[in-house]
Every structure is written in C-alpha cells, then in structure tokens.
Amino acid sequence: QSVLTQPPSVSAAPGQKVTISCSGSNSNIGKNLVSWYQQLPGTAPKLLIYDSNKRPSGIPDRFSGSRSGTSATLGITGLQTGDEADYYCVSWDSTLIAVLFGGGTKLTVL
Amino acid sequence: QVQLQESGPGLVKPSETLSLTCTVSGDSLSNYCWSWIRQPAGKALEWIGRIYVNKRTDYNPSLKSRVTMSADTSKNQFSLKVNSVTAADTAVYYCARGFWSGYNWFDPWGQGTLVTVSS
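Chains as they are written, first to last, in this note's numbering: chain A, 1 to 110; chain B, 1 to 119.
Everything labelled a hint here was simulated from the structure, so no lab data went into it. Virtual Cβ for every residue (Gly too), placed ideally from N, Cα, C. Among these hints, one or two may not hold up.
Derived lysine-lysine pairs resembling BS3-like cross-links, with alpha carbons at most 30 Å apart [claimed, not checked]:
1. B:Lys-64 / B:Lys-75
2. A:Lys-106 / A:Lys-54
3. B:Lys-43 / A:Lys-31
4. B:Lys-43 / A:Lys-46
5. A:Lys-46 / B:Lys-64
6. B:Lys-64 / B:Lys-13
7. A:Lys-46 / B:Lys-75
8. B:Lys-55 / B:Lys-81
9. B:Lys-55 / B:Lys-13
10. A:Lys-31 / B:Lys-64
11. B:Lys-75 / B:Lys-55
12. A:Lys-106 / A:Lys-17
13. B:Lys-64 / B:Lys-81
14. A:Lys-106 / B:Lys-43
15. A:Lys-46 / A:Lys-17
16. A:Lys-31 / A:Lys-46
17. B:Lys-81 / A:Lys-46
18. B:Lys-13 / B:Lys-43
19. B:Lys-75 / A:Lys-17
20. A:Lys-54 / A:Lys-31
21. A:Lys-46 / B:Lys-55
22. A:Lys-31 / A:Lys-17
23. B:Lys-55 / A:Lys-31
24. A:Lys-54 / B:Lys-43
25. B:Lys-43 / B:Lys-81
Examples of chain B residues lying across from chain A (beta carbon under 10 Å, computed) [unchecked claim]:
26. Lys-43
27. Gly-49
28. Asn-60
29. Phe-106
Make a model of the complete structure from these sequences and hints.
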C-alpha cells in the first residue's frame, strides 16, 4: 500500500474534465513539491507536471496541477481517448528520506 | 536531446544478483543525479534509489540492504545491482534523470527493461 494515496480509477466522457487526487502527509506533500506522470499502456512514464503546477514544454494546457496542504490534484480538461492511461503522483518524503510514488490511477475515457 | 537506455540480462535465477546498466546519451552523467525505478506487472512504480555525480547514493529503505548503485562517468553509464533476488523482484526496470533538490521530478526516462526472476 502506497504512502501517497490515489483513487484506483476515474472515468469521464470525451470533452469532459476529470481530477485525480493524491493524498499524503506532512512529511511528503505537506512540505515538498509534487510531480505527475502519464503512463500509456506498454510505455515508460512521461512527465506531465513538475513543481506541483508547472508543465514541461510540449505538455498541453489541458493538464494542470495544484497542491494544498497534504494533498495534490491533477486536472485534465477536454478529455480525449488518447488520455486513457495510468497517472502517478510523486513526492519526496523528508522523514523516510525517499522518493514516493502514488499507487496510480487508471483513467478511462468513456 | 537526452536519452537513456537500460541494458542487462532479462532472466535472473532466484538468490542471484540482478545487474543492470543505464547508458546516457546527449548529456553528461556528471551534471546530475540519476535514479532507478521499477514496476512489477500490473502494479505501481517504485523508486529504488539514486546516485549523485559525486557518487553519493540514497536508497529506498525497503530495498537498502540488497541494493548497490554505481556510476562510470568515463562511459556515461550508471548501474544497479540487487542481490538475493526473489520472484518479487520481477519487474520492468527504468532508469531516469532525477531526483534532487531543485529538480524534484524524473525526466527523461529510459524505455525500461523487463527482468524476470525464475529458475
């Protein structure tokens, strides 16, 4: 069981908006920045969001990130079938002295 | 453009040592910090550890007793060893640039290599 908690799955229709939560604690998300990754089936993860709310070059502004307290959220608007993937949050844990991954959330675009 | 490529045996016997190498192209290994991450089939990603340019290492506490990472700057490669492997170590292993203060993310990633632990 991951220290960073994500919902196992979320779903929404094409064109709609979805949010994916990542819940942690004071030793990780509460004091450290968060990154988010998209993993399409059979491929390596790809960086979507870094420093909690910044997008790398090439990532469309349909993807957004936020952090508040001990939780972080990934938002995706204008859903496309190509967005179907697993999404992971990541944060440093200052107590464990380790990088933590969330358990992952499978997004289905109905 | 920075690219990473994992290499190593795809099959390791139980109780033996898993050894993988990540070759970095398009950038110098000396500039950053580099990590190994793994993913058992159908499961979440798990950080294994990282190595800094000065060879300092940090390991996941859950794997610390069995993991060793090293780097060869002359070859622009860094390596992973996991000893006393069991079936639970069967996973796709990824190398990636990251993760340090001011660069709290992983990018880019290698394509990953599947390692199966079986007799």
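Cross-check of the supplied hints:
For the given pair, B:Lys-64 sits about 26 Å from B:Lys-75 by alpha-carbon distance, which is consistent with the 30 Å threshold. Restraint check for A:Lys-106 and A:Lys-54: the C-alpha separation of about 22 Å stays at or below 30 Å, so the hint holds. Distance restraint check for B:Lys-43 and A:Lys-31: the Cα-Cα separation of roughly 27 Å lies within the 30 Å cut-off, and the hinted pair is therefore satisfied. This hinted pair checks out: B:Lys-43 and A:Lys-46 have alpha carbons roughly 17 Å apart, not beyond 30 Å.
Straight-line distance between C-alpha atoms of A:Lys-46 and B:Lys-64 comes to about 26 Å, which keeps the hinted pair within the 30 Å bound. Restraint check for B:Lys-64 and B:Lys-13: the C-alpha separation of about 20 Å stays at or below 30 Å, so the hint holds. Pair hint A:Lys-46 plus B:Lys-75 holds up; C-alpha atoms about 26 Å apart against a cutoff of 30 Å. Of the pairs offered as hints, the one joining B:Lys-55 and B:Lys-81 holds, with about 15 Å between alpha carbons and a cut-off of 30 Å not exceeded.
Restraint check for B:Lys-55 and B:Lys-13: satisfied, since their Cα atoms lie roughly 29 Å apart, inside the 30 Å limit. Distance hint between A:Lys-31 and B:Lys-64 is fulfilled; the C-alpha atoms sit about 24 Å from each other, no more than 30 Å. For the hint pairing B:Lys-75 with B:Lys-55, the CA-to-CA distance comes to about 15 Å; that is within 30 Å, so the pair holds. About 15 Å separates the Cα atoms of A:Lys-106 and A:Lys-17, which keeps this hinted pair within 30 Å; it holds.
Restraint check: the Cα-Cα separation between B:Lys-64 and B:Lys-81 comes to about 11 Å, which is no more than 30 Å; the hinted pair holds. Restraint check: the Cα-Cα separation between A:Lys-106 and B:Lys-43 comes to about 11 Å, which is no more than 30 Å; the hinted pair holds. With a C-alpha separation of about 20 Å, the suggested pairing of A:Lys-46 with A:Lys-17 holds against the 30 Å cut-off. A C-alpha spacing of about 24 Å is found between A:Lys-31 and A:Lys-46, which places the hinted pair at or below 30 Å, so the restraint holds.
Between B:Lys-81 and A:Lys-46 the CA atoms are separated by roughly 25 Å; this keeps the pair inside 30 Å, and the hint holds. The suggested pairing of B:Lys-13 with B:Lys-43 holds, with an alpha-carbon distance near 22 Å, which does not exceed 30 Å. Taking the CA atoms of B:Lys-75 and A:Lys-17, the gap is about 46 Å. The hint is violated against a cut of 30 Å. For the proposed pair A:Lys-54 and A:Lys-31, the alpha carbon gap of about 17 Å is at most 30 Å, so the pair holds.
Between A:Lys-46 and B:Lys-55 the alpha-carbon distance is near 26 Å, which keeps this suggested pair within the 30 Å criterion. The straight-line distance between the Cα atoms of A:Lys-31 and A:Lys-17 is roughly 28 Å, inside the 30 Å bound, and the hint therefore holds. Restraint check for B:Lys-55 and A:Lys-31: the C-alpha separation of about 27 Å stays at or below 30 Å, so the hint holds. Note on A:Lys-54 and B:Lys-43: the hinted pairing holds, with a Cα-Cα distance of about 27 Å set against a maximum of 30 Å.
Under the criterion of a C-alpha separation no larger than 30 Å, the hint pairing B:Lys-43 with B:Lys-81 is consistent with the structure, at around 21 Å. This hint holds: B:Lys-43 has a C-beta 8 Å from the nearest C-beta of chain A, less than the 10 Å allowed. Using the Cβ-Cβ criterion of 10 Å, the hint placing B:Gly-49 at the interface with chain A is satisfied: the shortest such distance is roughly 9 Å. Evaluation of the B:Asn-60 hint against chain A yields a held restraint, the C-beta minimum of about 5 Å falling below 10 Å.
Here the hint on B:Phe-106 is kept, as its CB sits about 7 Å from the closest CB of chain A, short of 10 Å.
Of the hints listed earlier, the one the structure fails to meet is number 19.
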